[in-house]
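S.K.: Residues per chain, in single letters:
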Amino acid sequence: MHTTEETLQGYFGKMLGDNKHLWAAASTMDTIWVLYDRVLNVSPETIDDPDRDRFYLSKGHGPMALYAMLAAKGFFDPKMFDTWLQLGSPLGMHPDHTLVPGVEISSGSLGHGIPLAVGTAIGLRAEGRRKPRVVVLIGDGEFDEGSNHEAISIAGRLGLDRITVVAVDNSSASLGWPGGIAKRFEMEGWQASTVDGNSHEELYEALTQEPDGRPRAVVAKVRPKEGSAV
Amino acid sequence: MTAQVTRTLMRNVFIDTMIDAVATDTRVVLVTADISSWSFDELRAEYPERVINVGIREQAMITIAGGLSLTGHRPVAHTYTPFLIERPFEQIKICLNHQDVGAVLVSIGGSYDDLPRGRTHQAPGDVALLDTLPGWTVQVPGHEDEVEPLLRKALAGDDRVYLRLSDKVHSESIPLSEKFTVLRQGSAGVVVAVGPVLDDVLAATSTMDVTVLYASTIRPFDHAGLRAAVGAAAPNVVVVEPYLRGTSAPEVAEALADVPHRLRALGTRRDQEVRAYGKAADHDRLHGIDAASLAESITGFLC
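One line per chain: the protein sequences are B and A, in this order. Going by this note's numbering, the first sequence opens with residue 1, and the numbers climb by one from there. Going by this note's numbering, the second sequence opens with residue 1, and the numbers climb by one from there.
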């Protein structure tokens, strides 16, 4: 069953109050929506299945979109939102995979999602599992972290084509990425494309390409963050 | 004079054990960052899916180990001490500890095995750094024969293990124990020798009436073993570690929280960076952990 904007916005409101601006500014919402609604092969029933698809939210700040989606898909009871940020609540401003059902990695410090995905993809390949995908969401500001670039090179050389990185680009990197983010992936042997990060159709099409021996990067352009340096 | 015995480097025992482990256990995945990678060329050709060299990318090496562990594999990451523990320390904290996954980290180089290369290749703070994170088993073998059983045990588990290898060794291997091994019993105090400092400690204390304990596993710290030894001697405790002086002092304080005691912690210096080349024996002396310096320190402490 497809998730409605009403449902997601309702859960969002439980965390951040009825603030339409914050909802509109959630740069990752559309990507997460398309992934969990139409792309990823994972559900509350298969969350421990080794053949499930994995979603690694590398950009751990702003996990509200992921929490809202996981609740909408039944990974946890929406009543949990009533405990948001309280002592004893599983739900914090950075997600902890040991606390929140459906969250695959704990993040918040930037630049760890892609190398974690590389390790996971190597592990799955060593077991002969071709089915599961590992989708990582990063931000263009996060892309500054050098740890990404170590991992991007390795994934390209090892041909880890079950990895997809979605780089949500709201032009928030302080020094910018002249020439675009996609080129950095292409240089390292990735297949890369740039799409409208608010277009569900463009995201869906980019996120459902058949693997061709190369890891895949999808740069999802969204409107610049207010007060951004660029 | 005893006959010269050809000794095997700890590093070579690690390499041989890994070659066998990868061949016999599909859980095991070895990740290197160029250091020692040539020793695994044949193994990598045979098991390319489970023997990975990532180039000079230590941050990625640690995080990849974390990602592998998320799939149920048993990752082993290996390089020189400063590049294994210090450079990717946040990766250890976030991609192993915070993900609540395990890995086996195996270092070579000890605190200062490669003196001609100077400070950049020294990491005497490694164990103290790992002490800031929970759940690490820290193994500091002092003899090459201790390496394989320690590594086999680490590979069979799923926890976080740091195996710290060094060129420096002591002369007799000690039967493997997670607890402190009592090598001598005396009444004037208790001396704990960690890994490869053992020969120097035994030489320094040869005429002293002290208990000597030996540890090849220093975390978890054997609180009960220390309490028992201190209960049977004067409560004067000396800990000699081949890395940063006083690294285990908080553990001694915890073990003896309700026992009035004195502690002398010996190891590499905290008060200054030893900016010098030379030989390991020179640096043992500069740090005060050669046999002569130890004898002087311990005698002064016990008087």
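I should point out that these hints are in silico values taken from the structure, not numbers from a laboratory. Just to be clear, a hint being listed does not mean it is correct.
[Stated by the list, open to error] Okay, the calculated bits of chain B under chain A, using three or more residues with CB under 8 Å as the criterion:
(1) 73 to 83
(2) 105 to 117
(3) 122 to 128
[Unchecked claim] Label-pair distances were calculated between CB atoms; the ranges are:
(4) B:Pro-211 / A:Asn-12: 55 to 61 Å
(5) B:Thr-46 / A:Asp-34: 36 to 42 Å
(6) A:Asp-34 / B:Gly-159: 53 to 59 Å
(7) B:Ile-47 / A:Pro-149: 46 to 52 Å
(8) A:Asp-271 / B:Gly-159: 32 to 38 Å
(9) B:Leu-16 / A:Pro-48: 31 to 37 Å
(10) A:Asp-167 / B:Leu-22: 53 to 59 Å
(11) B:Met-93 / A:Asn-12: 56 to 62 Å
(12) B:Glu-5 / A:Pro-48: 43 to 49 Å
(13) B:Gly-146 / A:Glu-49: 47 to 53 Å
(14) A:Glu-90 / B:Leu-22: 27 to 33 Å
(15) A:Ala-156 / B:His-94: 47 to 53 Å
Just so you know, these numbers come straight off a predicted model, no measurement behind them. Where a beta carbon is used, it is the ideal one built from N, C-alpha and C, also for glycine.
S.K.: Against the structure shown, which of the earlier numbered hints fail to hold, in ascending order?
M.R.: When the structure is compared with the hints, numbers 1, 4, 6, 7, 8, 9, 11, 13, 15 turn out to be violated.
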